[in-house]
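Colleague: Chain by chain, the residues run as shown.
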Amino acid sequence: MKAICQLHRMTNCPLSKQEIFERSHRRHHRIVSFIRLLILILFLSVWEFSAQMGYIDSFFFSSPSQVALCFAGMIKDGTFFINTGITLLETIASFLLVFVIGMLFATLLWYSDKCAEILEPYLVILNSLPKSALAPLFIVWLGTGINTIIVAGISVAIFGSIINLYTGFRQIDEEKIKLIYTLGGRKKTAFLKVVLPGSIPIILSNMKVNIGLALVGVIIGEFLAARRGLGYLIIYGSQVFKWWAGMIEMSIRIYPYNPSAFPFSIPIISFSLAIPSNNVHILPPPFV
Amino acid sequence: MTQPILELNDICYSYHSLKGETDALSHISFQVKKGEFLAIVGPSGCGKSTLLSIIFGLIAPESGEVHFPRDARNEEDEHSQLKNYPRIGYMLQHDHLLEWRTIYKNVILGLEINHQVTPEKTARAMELLKDYGLYKFKDKKPGELSGGMKQRAALIRTLILDPEILLLDEPFSALDYQTRLSVSSDICSIIRSAKKTAILVTHDLSEAISLADRILVLSKRPATIKCDIPIHLTVTGTSPLASRNAPEYQGYFNQLWKEISDESHMPTPPDD
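Protein chains in written order, with our numbering: chain A, 1 to 288; chain B, 1 to 272.
Treat the hints with care, since some could be wrong.
[What the hints assert, rightly or not] Using C-beta positions, here's what the derived DEER-type ranges look like:
(1) B/Leu58 with A/Leu37: 53 to 63 angstroms
(2) B/Gly143 with A/Ile56: 27 to 37 angstroms
(3) A/Leu40 with B/Lys130: 34 to 44 angstroms
(4) A/Arg170 with B/Asp10: 50 to 60 angstroms
(5) B/Glu99 with A/Ile56: 18 to 28 angstroms
(6) A/Arg23 with B/Ser189: 49 to 59 angstroms
(7) A/Cys115 with B/Asp10: 29 to 39 angstroms
[Claimed, not checked] Computed far set for chain A versus chain B, every beta-carbon distance over 12 angstroms:
(8) Leu40
(9) Trp47
(10) Lys76
(11) Leu97
(12) Lys114
(13) Pro130
(14) Ile146
(15) Asn164
(16) Gly168
(17) Glu175
(18) Ile177
(19) Tyr181
(20) Thr182
(21) Thr189
(22) Gly198
[What the hints assert, rightly or not] In silico lysine-lysine, DSSO-like type, Cα no more than 30 angstroms apart, as pairs:
(23) B/Lys105 with B/Lys226
(24) A/Lys178 with B/Lys258
(25) A/Lys188 with B/Lys121
No wet-lab data here; the hints were simulated from the structure. Keep in mind that this is a model prediction, so the values were computed, not measured. Yeah, the Cβ is synthetic: ideal placement off N, Cα and C, and Gly gets one too.
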């Protein structure tokens, strides 16, 4: 493409409409990425500058350079990877379980209108429960192991997931289901040939939301019951500076809704993770 | 005299809701002979589609029975949902092609459902696709086809199951006028050449006259059979224009119009 443009310039002949469109399209994307990066750099420089000049107290607010140093330390001694890995495993486990259980229940509700009608108010109530308040109960029931954390992850995502999937299944055109009957199919055939393939976009968007919610749930679980994991690191840090814990959760929450924002949330997560230990200069020891 | 392939005896049906009961069909009885093309016309909302659903067996009548005098149970139908024999094909108003399947995959949907995806049947599907000019679109998604092409694909989907009776529920009403004329004449010639029995529900009188051997006029709700008009046009061929130019056409049209407008209190059309 570049070569063609150069050729055009050399031969001095005008670009075709399509080439002009492609150029402006690429230009648009470059500008968006550039400004995004610029905002991040600007934010970090103002932060660093204010800390250096003493406008903000670096004991409470830290500074990017201190954070980077501490982060490097955590990477060097492996703390970061171990804890991230554990949280990741727990999140994937909760996510997969949410997917399987959610699909099973949504299918059941789709099969039986009566069942759906009976269970609907319960689902709405269960979905609106404050799940973080349930976490202590899970500890009482299941102890302080990985099970509690996975169940906490599931509890945050599962009810919303069932409601969303069921609503998605119901949105399939009734006439398409009638078509399956006119071709000699049964309800099961209608589900497999029409409802399930027709709901793939909804299932995918539901999965996107669920992975984020499962992560939030797992971190809530780790706040209370873990000896390792990001949630544990955060709660350790948040005993010192709560503000940063909130920051992390924010940036984690961003991901499922807007994956393209993820690269920008990584530094924020990492920095905020590193902050408390950076100031206190001890890494959180595992509970004994 | 050919034998009737389908008999409806005193069919009644009503819809129930909390607001009350709505009588849809009241004591409908008629017979359809093998190879006959029957059109059913009537004011809108009179229960024409309900009647087809009852014939197919999707819904059960409140009283009366749908009877298929020829006792021909095919072995391969044992596994299928079709409670009624012989096999019935049902074409809906819209094509309802599944947009995530290619045209070919859509056409063999019925075969998949009935576990009949055999080399002979798929070869037949290809043949039909070729006949209706859809072969080069077989790997395209429905979104890339025009309305008429989609309706042809829907027809192939129905025909590939080799039904003996075809139920057509206003299958052309979603098409524009020009496409409608050509698709309806295509479908008519296919049905006639294959010697299928067909029941067409329509609100288009000229379509009914040009395609059918016999027209049933239903009254407004609760629907009863108002009259039963055999159609004899002195034309050869199935071109929609030819039959519309037949000398008898205008007479039938006026007769039907009178019957229908009595029902729905429509003004009579101006004389040509």
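Colleague: Provide an ascending list of the numbers of those earlier hints which the structure does not satisfy.
Modeller: 2, 3, 4, 5, 17, 18, 19, 20, 21, 22, 23 and 24
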